[in-house]
Every structure is written in structure tokens, then in C-alpha cells.
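Chemist: Sequence:
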Amino acid sequence: MITSHKVLAAAILAFGLHTQLGAAASKEEGHAPDPEHARLVAARKAANELPDVLAAEQQSKSDRALAHKALAEYKLARKKSAASEEAYHKALEAGLTKIDEGAAAIQEKERAAFHDRMVKARAAKKGSSKKGGAKGEEPEEGPEEPAEKADPKN
2 MITSHKVLAA AILAFGLHTQ LGAAASKEEG HAPDPEHARL VAARKAANEL PDVLAAEQQS
62 KSDRALAHKA LAEYKLARKK SAASEEAYHK ALEAGLTKID EGAAAIQEKE RAAFHDRMVK
122 ARAAKKGSSK KGGAKGEEPE EGPEEPAEKA DPKN
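Using our numbering, the final residue of the sequence shown is 155, and nothing's skipped along the way.
Some hints could be false.
Claimed, not checked - DSS-like mimics (lysine-lysine), calculated; alpha carbons at most 30 Å apart, straight line:
{"no.": "1", "residue 1": "Lys99", "residue 2": "Lys76"}
{"no.": "2", "residue 1": "Lys127", "residue 2": "Lys110"}
{"no.": "3", "residue 1": "Lys81", "residue 2": "Lys70"}
{"no.": "4", "residue 1": "Lys70", "residue 2": "Lys80"}
{"no.": "5", "residue 1": "Lys99", "residue 2": "Lys127"}
{"no.": "6", "residue 1": "Lys81", "residue 2": "Lys91"}
{"no.": "7", "residue 1": "Lys70", "residue 2": "Lys99"}
{"no.": "8", "residue 1": "Lys121", "residue 2": "Lys99"}
{"no.": "9", "residue 1": "Lys99", "residue 2": "Lys110"}
{"no.": "10", "residue 1": "Lys80", "residue 2": "Lys110"}
{"no.": "11", "residue 1": "Lys76", "residue 2": "Lys91"}
{"no.": "12", "residue 1": "Lys46", "residue 2": "Lys76"}
{"no.": "13", "residue 1": "Lys121", "residue 2": "Lys91"}
{"no.": "14", "residue 1": "Lys80", "residue 2": "Lys91"}
{"no.": "15", "residue 1": "Lys126", "residue 2": "Lys99"}
{"no.": "16", "residue 1": "Lys110", "residue 2": "Lys121"}
{"no.": "17", "residue 1": "Lys62", "residue 2": "Lys91"}
{"no.": "18", "residue 1": "Lys46", "residue 2": "Lys62"}
{"no.": "19", "residue 1": "Lys81", "residue 2": "Lys110"}
I should point out that these hints are in silico values taken from the structure, not numbers from a laboratory.
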């Protein structure tokens, strides 16, 4: 039974042999290396061995590692902040429900009204910034955001 692993292994083997045979054939055909390219390769090797170039390379690697670390820390802090804010909103809603059962419904109504005002203001701003549009034409509204995103801090 021929499995996909065997087919893959045969393909890799064939490709590997093909590239090795191609490289050997090009050497046998007498293709002389380009003297300018050889000179450039030698100069690069020598330049990479200079102390100031080695120091600059190490500094570059160090700075890149610090940047990656800072980015990872930022992403983690952002996730933690979003989770704690979500926990705060849930606790606040639960507290409102404990104190006054109707307060949560009133808050939802106010959020929806605020969201509608923001959508209308955004549409008006987009409409007024467009020049040369037909007069009397209402600007189209973009995709609406959830009420949670446009929530004023209560």
C-alpha cells in the first residue's frame, strides 16, 4: 500500500537528487564563476569579520530581540486590560441588577440611544466632508458598531 508519507519521501528524494545532479552538471560543463561576484563574496566575508561590523550586528540582534519582547508584553497587557474591563462591566451590570432590577434595562436603552446618536453624527460628518455630491442626498451609513464599543463611561 502506497501512503502519502512514502510518496512525499520519494518526491523529496527525487527533488534532492535532481538539484544535486544539476549542480554537478553545471560544474562539469565548465561554467567559471564570475570573478566580480567572487570578489564581492570575499569582500563581504572580510567586512563581516571587522570588529565594528560584528559589534553592529550584535547590537542589531539585541535590539530586534528587545523589540519582539516589548511587542509580546504589549499584546499580553492589552489582553489583560480587555479582560479586566469586561469583568468590570459584568460586575457593574450585576450590581445594578441587585440594587434596581429596572436599572439595567434603562442603561441598555441609554446605550442604544447613544449608539444611534454616534452613528448619525458619523454619517453627518461623512456627508459634510464629501464635496461635489448631489444636494439633498443622504449619506449612506457605514457598518454599525456594537453598542458596547460606543458605550460612554457611566
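Chemist: Could you run down the list of hints and mark each one as holding or not?
Modeler: Going down the list of hints, with the structure as the test:
no.	hint	result
1	Lys99 with Lys76	violated (35 Å)
2	Lys127 with Lys110	holds (26 Å)
3	Lys81 with Lys70	holds (17 Å)
4	Lys70 with Lys80	holds (16 Å)
5	Lys99 with Lys127	violated (42 Å)
6	Lys81 with Lys91	holds (15 Å)
7	Lys70 with Lys99	violated (43 Å)
8	Lys121 with Lys99	violated (34 Å)
9	Lys99 with Lys110	holds (18 Å)
10	Lys80 with Lys110	holds (28 Å)
11	Lys76 with Lys91	holds (23 Å)
12	Lys46 with Lys76	violated (39 Å)
13	Lys121 with Lys91	holds (28 Å)
14	Lys80 with Lys91	holds (17 Å)
15	Lys126 with Lys99	violated (40 Å)
16	Lys110 with Lys121	holds (17 Å)
17	Lys62 with Lys91	violated (44 Å)
18	Lys46 with Lys62	holds (19 Å)
19	Lys81 with Lys110	holds (29 Å)
In this structure, the earlier hints numbered 1, 5, 7, 8, 12, 15 and 17 are contradicted, and the remaining ones agree with it.
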